[in-house]
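Join these two chains into a complex; the hints should help.
Read top to bottom, the protein sequences are chains A and B.
According to our numbering, the first sequence is numbered sequentially starting from 105.
According to our numbering, the second sequence is numbered sequentially starting from 4.
No lab work stands behind these hints, which were simulated from the structure alone.
Every residue gets a Cβ at the ideal spot worked out from N, C-alpha and C, and that includes glycine.
Any given hint could be a false lead.
[To be verified] Where chain B lies over chain A, by a calculated footprint (3+ residues, C-beta under 8 Å): (1) 127-138; (2) 144-151; (3) 206-213.
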Amino acid sequence: MSVNLTLLTVMGALYACGIYLILERSLTRVLLGLMLLANATNLLILATGGYAGLAPIFDKDTPAGDYNDPLPQALILTSIVISFAVTAFMLGIIYRTWVLARQDEIQDDAEDRRVAETPSFDAEDDSVIPAETSEFPLAMVGSDGAGTIDKATASAPAPGTGNGTAAVMSGDRPVRADKAASEEQPGSLNVDPSPEGGEE
Amino acid sequence: MNITSFAPLAVVLPILGAALTFLLIHHTRAQRAISIAVLTLTLLLECWLLASVWEGGTAAVDIGGWLPPWGIVLVVDQFSSLMLVVSSTVSLAVLIYATGQGMADGDRDAPVSIFHPTYLILVAGVSNAFLSGDLFNLYVGFEILLTASYVLITLGGTGPRIRAGVTYVVVSVVSSVLFLIAIAMVYGATGTINMADLAIKLGDLDQGTRTLLHVMLLVAFGIKAAVFPLSFWLPDSYPTAPAPVTAVFAGLLTKVGVYAMVRTETLLFPGDALNAPLMVAALLTMVVGILGALAQSDIKRLLSFTLVSHIGYMVFGLAMSTVAGLGAAVFYVAHHITIQTSLFLVTGLIERRGGSSSMDRVAGLAKLSPVLGVLFFIPAMNLAGIPPFSGFLGKLGLLQAGVELGTPLAYALVIGGVLTSLLTLLAIARVWNRAFWRKPGDAEHPDPVLLAAPADSATGDRAGRTNVTLLPRTMVGSTLGLVVFGVALTVFAGPLFRVADQSAEEMLDRSSYIQAVLGEDAPVPPVPPAAQPGQGELQGGGK
Numbered sequence: 105m106s107v108n109l110t111l112l113t114v115m116g117a118l119y120a121c122g123i124y125l126i127l128e129r130s131l132t133r134v135l136l137g138l139m140l141l142a143n144a145t146n147l148l149i150l151a152t153g154g155y156a157g158l159a160p161i162f163d164k165d166t167p168a169g170d171y172n173d174p175l176p177q178a179l180i181l182t183s184i185v186i187s188f189a190v191t192a193f194m195l196g197i198i199y200r201t202w203v204l205a206r207q208d209e210i211q212d213d214a215e216d217r218r219v220a221e222t223p224s225f226d227a228e229d230d231s232v233i234p235a236e237t238s239e240f241p242l243a244m245v246g247s248d249g250a251g252t253i254d255k256a257t258a259s260a261p262a263p264g265t266g267n268g269t270a271a272v273m274s275g276d277r278p279v280r281a282d283k284a285a286s287e288e289q290p291g292s293l294n295v296d297p298s299p300e301g302g303e304e
Numbered sequence: 004m005n006i007t008s009f010a011p012l013a014v015v016l017p018i019l020g021a022a023l024t025f026l027l028i029h030h031t032r033a034q035r036a037i038s039i040a041v042l043t044l045t046l047l048l049e050c051w052l053l054a055s056v057w058e059g060g061t062a063a064v065d066i067g068g069w070l071p072p073w074g075i076v077l078v079v080d081q082f083s084s085l086m087l088v089v090s091s092t093v094s095l096a097v098l099i100y101a102t103g104q105g106m107a108d109g110d111r112d113a114p115v116s117i118f119h120p121t122y123l124i125l126v127a128g129v130s131n132a133f134l135s136g137d138l139f140n141l142y143v144g145f146e147i148l149l150t151a152s153y154v155l156i157t158l159g160g161t162g163p164r165i166r167a168g169v170t171y172v173v174v175s176v177v178s179s180v181l182f183l184i185a186i187a188m189v190y191g192a193t194g195t196i197n198m199a200d201l202a203i204k205l206g207d208l209d210q211g212t213r214t215l216l217h218v219m220l221l222v223a224f225g226i227k228a229a230v231f232p233l234s235f236w237l238p239d240s241y242p243t244a245p246a247p248v249t250a251v252f253a254g255l256l257t258k259v260g261v262y263a264m265v266r267t268e269t270l271l272f273p274g275d276a277l278n279a280p281l282m283v284a285a286l287l288t289m290v291v292g293i294l295g296a297l298a299q300s301d302i303k304r305l306l307s308f309t310l311v312s313h314i315g316y317m318v319f320g321l322a323m324s325t326v327a328g329l330g331a332a333v334f335y336v337a338h339h340i341t342i343q344t345s346l347f348l349v350t351g352l353i354e355r356r357g358g359s360s361s362m363d364r365v366a367g368l369a370k371l372s373p374v375l376g377v378l379f380f381i382p383a384m385n386l387a388g389i390p391p392f393s394g395f396l397g398k399l400g401l402l403q404a405g406v407e408l409g410t411p412l413a414y415a416l417v418i419g420g421v422l423t424s425l426l427t428l429l430a431i432a433r434v435w436n437r438a439f440w441r442k443p444g445d446a447e448h449p450d451p452v453l454l455a456a457p458a459d460s461a462t463g464d465r466a467g468r469t470n471v472t473l474l475p476r477t478m479v480g481s482t483l484g485l486v487v488f489g490v491a492l493t494v495f496a497g498p499l500f501r502v503a504d505q506s507a508e509e510m511l512d513r514s515s516y517i518q519a520v521l522g523e524d525a526p527v528p529p530v531p532p533a534a535q536p537g538q539g540e541l542q543g544g545g546k
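Chain B on its own, in the form it takes in the complex (with noise of 0.2 Å):
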């Protein structure tokens, strides 16, 4: 037996511990023992696929022994199973963060007992999401992530909270709803909502269905990743949440989206003549996010509009469809999960110890804490994309391949990146100055604990409580585990790009997807022809 007929315990797992930590809903102790508990087992669980589909290669589940096309499948392959090791060891971080916030604060946010079960439950959703071979169990752990996500992000229900909330959750809704009408559209062209027998049956559509089920899916898709057009309810309704919160919706959420849309580009739709307007979407949200971030005095809203930027990163990697070019995409958002997760944590420490994360108020924090000033400098140049970072390997990879692709859309996309990342700098550069650099005196709305605060005040007042502690161990502790983890991406970058390329050539070949879940004897349809530099050509030159 083969360990990856465990795959489905990366689902099963979180949502038993969801039912414990529930039943336990007075017992916060118990609460987090179990949730850490899970948390890292499902984590040991995923780093074990992930080295038994390194050594042998895809494999797939049936559940419940229906076979597919018909049963439903969960396949476990590298990009997957590496998605999942990123993604659990952030969630795993966030956790401990977010617990010791409640033990530092005496628990004493009413609704916090809930937060443990709509988090493991969310974890649930994720890995269900990257593992899901099936198009409708791909919505159904979107839902499942996505309910989890409503009640996290109006968690203890405040005025801004439930403003923020309702944008969310309409914008959430018609996505799902725009994904459900694909799905059907699916189901109605081709009889089956399976990934890798659809990956055989889309090829024998005409090129107008095809073309129509390709735009349902990426429009759908692309309002849960955030590409621009469709990305201004993220910076709307991120920033209000937890601190924990919003660190693992900026993390995981959008990246599962972006993961859907890899899988429509490579499975479902490889080759077809959509990169063209992807990349102009790529390049859009790139400069139009940053631009945005530029204009804002919170730290939290401009950590959003960086994360709605580098998405754009992410679909100018996918929509070149080479392997160079996936590869880097793939390598960019494991990058990406873990620095932007880090950043907000390390924002949410900022809220703490300065009394607030607008950059008018918060003023040196160099001096008053250089630990928190090296926690915050360090995901934020990798953000940047200083060299010898990773976020430099990773934009190193994307702009080599761009290049390399040579089409003039490509260049000015090239263009783009490099511009974003000088632009993400100076936004970065800001919140420096502004909130690390500066005397307290000189803030626009300078605060007075922060005025008068002794440099080592190891407690104060925040939020109506009296001496809080202002950096637990814990919250400071995952957080620099987060950043050290980070650091080790540069470290091991070699290794990781391996490990990207190959997902990334398994990912555009397909044929051991589609083994994996319908045999060894399954056909695999070639890529069409539609060559994507000509195509790329062809409308960049028009423009």
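In isolation and in its complexed conformation, chain A is listed as follows (with noise of 0.2 Å):
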């Protein structure tokens, strides 16, 4: 098969430069990186169908060999057409980031960006459970109150949240036992913190 050189240098030059210009953050060098790289496509599909013939008409008098190849150039029509269709939907999706974003440049993924900087220790997963030192759990001491102050202050995985703190005041204000029995943890925020005498 033949080929035509100069088809086949412009076609480099267009896949150099597409690929090029798809690298870029700008949308619109973007999209223009994608309509050469689909015109290269277009003219290596050419290339496909060898040199140059009569058009693909039949007539008993030209030999077969003489003809064009006519199918890569139907290829190329659909292909032509499709490119058009996403050049035009391109075109569209950049206007509108331009309406939203007031620029012309592709925009960070927020919730990856979130996901990356995420230290890997995990509040849920990873915290020390607090060790019970004591045989009788805060859950069990709760109607007492003066014993839990120390343990429970030390023990809370999220120090200074209002709740906790008025959960584990208990000094001051006893927690009601049944109040403190039914949680699992100090800083929770199922603790009713004002059983009596909150409102001050």
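If you want it as structure tokens, here you go:
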């Protein structure tokens, strides 16, 4: 099969420029890059048809070898239509990005960024489970109150939440035993901070 | 006249439906009725096709009377008709779900009227890709479904969707360009793009050209199927789309890529030396995908990563190119389309009920809505491969085939497969623990609505609208239908595995496909004797 060198050179140049452009961050350039790639591919398909020949309209005097191969041209026609539609859609998207963000740049994925910045420490899975040094866990001594203060404040995983302190300061305002017993952890929101006298 | 001559209707019906719904763009009720009717008809036709192919073997339809290898030909064999039936079932369920959502929300989202025509065109593209017996027609099928998916993924044109859409469109266009280049090269090398004809002619090329064409096609399809180094676009772009759209994308689009890979491997380049690299890619896809899933705190993103990860199983089965492996891969594709779609549909319901799909916000759903818990739990366990579900059976089939093959690389993949299955279970268990079991107050950023809402409230405020039905019956019903279909795949796993194994045998044998397209007297080239086990051992041992 013989090919046209000019066509091939142009095709190579188009591919090179196209690939360079789609690596850019500006959307318009990416679009231009995609268009160049599509057209370079059309040239490639054209090249597979071999040398230019006669129009493929059957004539019984013409030997079969003189005709041009019509199939690549049919393929190119289809691919031109498709890339036309995609280009139009991309233009729509670019315009929409411009309307929304006032910039012609590819945006970062916020969720991706967030996951990337998440520390490997996960409060729920990895935090130290407070060691029970007492035979009597918090829930059991709730009615007493006084004995719970130190341990509870030390083991609270998230310091400084308002509810947490209200629950733990059971020295001043003793939390009812049944309330305390229903708790899994001191910082939980289910604690009713003002069973009595919380309105101060 | 055989029923298989009506095969083009599987493509034509949805396109006609799309035209009709586009004309009726201001009549949402009519649109709904038409699109559901069209998809039901298509599904019935495809079931009939499957039955007839089951009885009568592979059949080909010459479009417009142009004989192959010159004209375009549609081929119905067991694999393609099975894919058609499963994909249409799934798309019908998603369509009903979407209409349910539209009705519940009062269709106030402006561009929703465009949803029905676009969705039907997507289905037409998928059917065309499954049926195509011609490489360029396959490309056209891909383009039809991709163009429709561009519209669907940016539906509404909000900031995040446009951002995700840009990634998706650019990556898809690049993969399509690669596919087109591959087609041009194939045509340049052989002078034909009819797949049956190619199966005969590609064998005459020298090894270097063959490998080049093979790699080009695999890379192009690998991007579409989201195989590991080419998979990063998927979790980036899928999660922002509306729930039904993500669901149908997750179920169908990547599987069309897998389907194309299967055809490339079995029909065009059987017995070629790319099985070992494919196996490595499969292993990496499984492991890297599932590790990505573990890092996510958004359920949709997590599911997108499991989607990538489980593509690895299918590639694994494909890369073994034994009847057992390929059969298990076919079964796994059918299972995974159903399960992954139903999980995304449930996630859509979670988002409605809980106000968000982020596990930092949603909690306590098991108590709020036990139905949701059941709907999530069954496909989730199915995905993780807990016996007796079809996920377990599919994985078991793959692992058995891997052990049968017995190369070091196959064993590595067997271990990787088990590990991925366990990690999937871990990822799913995290969702279950955090979104379903813990108290609403324990969430990192508890949703005030969720904290305040009494357990039995059927309506709530979502996205600025008040008194939205949180769990409309149509949405729950269609999800339930799909979950039941997934369970049915388990119950009827025996016959399904038989279909899968038979289609695998048929594909590896190639003669029925080639003879159906080119006539009874077409020469069927023998599969090149490049023995896969030897190849795998050679390359696997070098590692």
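Outcome of the hint check:
A count of 3 residues in the region 127-138 of chain A with a Cβ less than 8 Å from any Cβ of chain B is obtained; the coverage claim is therefore met, three being the minimum. Using a Cβ-Cβ cut-off of 8 Å, 4 residues of the region 144-151 of chain A lie near chain B, which meets the minimum of three, so the contact claim holds. Counting residues of the region 206-213 of chain A whose beta carbon lies closer than 8 Å to any beta carbon of chain B gives 3, which meets the minimum of three for the stated coverage.
Violated hints are absent here; each numbered hint is respected by the structure.
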